[in-house]
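Engineer: For the protein sequence lines, the chains are A and B, in the order given. Under our numbering, residues -15 to 372 are what the first sequence spells out, in order. Under our numbering, residues 693 to 1082 are what the second sequence spells out, in order.
If you're looking for bench data, these hints aren't it; they were derived computationally from the structure. What you are looking at is a predicted structure, and each value in this text was computed from that prediction instead of being measured. Careful, some of the hints might be misleading.
In silico DSSO-like pairs for lysine-lysine, Cα to Cα no more than 30 Å straight-line [what the hints assert, rightly or not]:
(1) K117/A <-> K128/A
(2) K45/A <-> K886/B
(3) K225/A <-> K117/A
(4) K363/A <-> K(-14)/A
(5) K988/B <-> K0/A
(6) K988/B <-> K706/B
(7) K45/A <-> K225/A
(8) K363/A <-> K706/B
(9) K0/A <-> K(-14)/A
(10) K737/B <-> K886/B
(11) K982/B <-> K0/A
(12) K225/A <-> K0/A
(13) K706/B <-> K737/B
(14) K810/B <-> K886/B
(15) K982/B <-> K951/B
(16) K810/B <-> K825/B
(17) K982/B <-> K706/B
(18) K0/A <-> K706/B
(19) K792/B <-> K45/A
(20) K886/B <-> K792/B
(21) K982/B <-> K363/A
(22) K792/B <-> K737/B
(23) K825/B <-> K792/B
(24) K225/A <-> K792/B
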Amino acid sequence: MKIPLTYNLRNLVVRKTTTLMTAFSIGLTIAVLLAVMALVDGLRLALAASGDPQHVLVLRKGSESELVSNFTRQMFLDLRSNSLIARGTDGQPRVSLELVTVVNLERAGSSEGVNVTLRGLTPPGIEMREGLKLADGRWFDPGKREVVVGASIARRFPEVQLGRTIHLGRADWEVVGVMEAGRGVANSEIFADLNLLSADNNRSEVLSSALVEAADVNAVPLLIEELNNDRRLNVEALAEKEYYAAQTSSGAPIQYIGTMVAIIMAIGSSFAAMNTMYAAVARRAREIATLRVLGFQRGSVLASFLIEAVLLSLLGGVLGFLLVLPLNGVATGIGNFVTFSEIAFQFHIGPRTALIGLSLAATIGVLGGLLPALMASRKQILTALREI
Amino acid sequence: MVEGVPLYLSLIVKNAFRNRRRTILTVLSVGASLCLLGLLMAVYKAFYLAEAPPEQVLRLIVRNRVSLAVPMPVSYMNQIRQVPGVREVMISQWFNGVYKDSRDPNNFFARFAVEPEKLFIVRGEIQLPEDQKRAFLAERTACIVGRPLADRLGFKLGDRITLQGDIFPINLELTVRGVYEAPVNDEALYFHQKYLEEGLGGGRQGQVGTFVILAESPEAVPGIAAAVDELFRNSTAQTKTESEQAFSLSFLSFLGNVKAFLLSIFAAVTFTMLLVAANTMAMSVRERIKEVGVMKTLGFTPGEIQRVILGEALLISLAGGALGTVLAAVACYVIRMGPAVFQQIRNLSLSPEVAAATVGMAAVIGLLSSWFPALSASRVPVVESIRHTG
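Pulled out of the complex, with its shape left as it was, chain A reads as follows (with noise of 0.2 Å):
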């Protein structure tokens, strides 16, 4: 026969300040764990969001980036003939050859400036990216030193805003747009005329990448295997998506470090809850042989300490939940390993993050629990009778 839900619920309400202690104990620890994984999953969804099924992105064989990728004109001219690439109305394929750089742009409260991607490309590069609409302005004019910058710049560089010029490199150029890719990685970068800004950078013959667009999505692998098995190419082509997903990485140090201290927050937590449930035991003594003498079993009176204890525990993962919410949404950026620049995300917490905290508040609550309840299963009726 089990023992009544309602039972713990009202021992765990009678106790008030005990109960909230532990819980907001095990609640913090638990609001340290999701903090770092509203982070880490903010980063991957950014990164997810950016890139387009159909994309190959192709970098010079052996480059792991396209910021230390050397892509020559000649290279892109051989590329374009592939029958694989997609043609767009006017029967041209769906190319387009860019010049990726990093600038530092200065920013309030920091000494060291903030390193933003810098893209040159053509007008077939930003029809090609069909995700990325103007939010305000317009496109900058082929050679005329105007710049495009993203949504979240705009944001963040109160001097980056439109009509303002920007010096970059060698020159100063206009802000003309602002464009939001929804929360793909353009939100982080500047995009410039390509031919301008390779020339400023002395590297008209030399660029960093091509973006190629396949006939259909189905094309995709066979393309990536055509142009990597091209001996005279001597190219390294991969779909733009895993590109993107590879980058995840840059999170991985923070989500590390901050795995250790949930864990080992959570093994002092569970000591905790482990003190709160002996105490509870103690005090309840003749309860709990009340209980027996009543007809439930053992088994019974186990599972219900155990629940009380896992109660307990989830009330602290609730409050852990609640005290990270208000970070949902949140901006913020760390640095991307792969193009050295600053990548500009939004803390989210979704479903998955909070189930798993409340996982891990329900496993200290076990973990606290276990020993206790067995004690108060194994008690002997007199014995604990007796007891005041």
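Knowing the structure of chain A, use the given hints to seat chain B on it.
Structural biologist: This is chain B only, laid out in the frame that chain A set:
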């Protein structure tokens, strides 16, 4: 009424050991938290408060203001040498590359292309047997590796090391000609910058990632940094010059706001610990209300009762502090022995100051957590407390 300190002490110890299980659990819980706090403080100290070792104070690093990944013209070197206070300037090129399999983090180590004849001047602390030094200088494809690195990956004199280029479109075939000892940066491989330069095509030649400057004196260092950056203020490649110590910290800031990250974890852990300790003390005082009444009838003053309870909390949390300090020292050792992603990790240790701060935190937690329970226990009227059924 109460005779002297020994009685207090024995009361405190007896009380602490009355519910042995609870005391042990609290010590473990507080110990786990204090281990974290100790570790956080040690990390903070290693990164932000460590003094530069004497070998480092004379050195500055010049890089492109934008990023390490963006090079500068090699011609800067002659201009930098003219700056007053500069004793020597050396090209130091970070060659990222891949050794064997990049997926195994153990295969990662720093690889620098340098000017070999200047290396032993600029990095004077490098200890290398004379014959190995000559062999390294004489051969274009020679390299030297630090002792810990050689031990970790099993490099011996005469071994061949192949580095696949990623930033640079070139594969290097190096031969180990020396194993050096050095107090800092001892997990690096140094090879001839000329070898790299020769293998590169036109596009990348004449470009340098960093220059290392050796200053005449420590006093000259800030002046040099300002003078060098001023020199290239109006060039396409502006520079950022900073002390070697500040330079290595700049890698850390790339991870995000590390200071805020450490501080918020610190706050969460401290608060958790406070809750745990306060809860324990509240529970044990509540069980003992009756006893407090008896003590009062025996003539203990409220102040004495408070001191006994505070003392008990202090004893328990100090035990937790001792445990936490030991655990943190072990954790520091384990992390220090692992692969050094950041050079500063090599400085990670539980110094006496950090240990003292950890134990101090324990004391503060003990006193704070028992303040309220002690106060309320001492204020309960005698009659009520004797009637109390714990």
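Engineer: If a hint holds in the structure, say so; if it does not, say that too.
Structural biologist: Hint check results:
no., hint, verdict
1, K117/A <-> K128/A, "21 Å, holds"
2, K45/A <-> K886/B, "24 Å, holds"
3, K225/A <-> K117/A, "19 Å, holds"
4, K363/A <-> K(-14)/A, "18 Å, holds"
5, K988/B <-> K0/A, "29 Å, holds"
6, K988/B <-> K706/B, "18 Å, holds"
7, K45/A <-> K225/A, "19 Å, holds"
8, K363/A <-> K706/B, "26 Å, holds"
9, K0/A <-> K(-14)/A, "24 Å, holds"
10, K737/B <-> K886/B, "39 Å, violated"
11, K982/B <-> K0/A, "22 Å, holds"
12, K225/A <-> K0/A, "51 Å, violated"
13, K706/B <-> K737/B, "38 Å, violated"
14, K810/B <-> K886/B, "13 Å, holds"
15, K982/B <-> K951/B, "48 Å, violated"
16, K810/B <-> K825/B, "12 Å, holds"
17, K982/B <-> K706/B, "17 Å, holds"
18, K0/A <-> K706/B, "29 Å, holds"
19, K792/B <-> K45/A, "17 Å, holds"
20, K886/B <-> K792/B, "23 Å, holds"
21, K982/B <-> K363/A, "25 Å, holds"
22, K792/B <-> K737/B, "35 Å, violated"
23, K825/B <-> K792/B, "26 Å, holds"
24, K225/A <-> K792/B, "27 Å, holds"
Hint check: violations occur at hints 10, 12, 13, 15 and 22; the rest are consistent with the structure.
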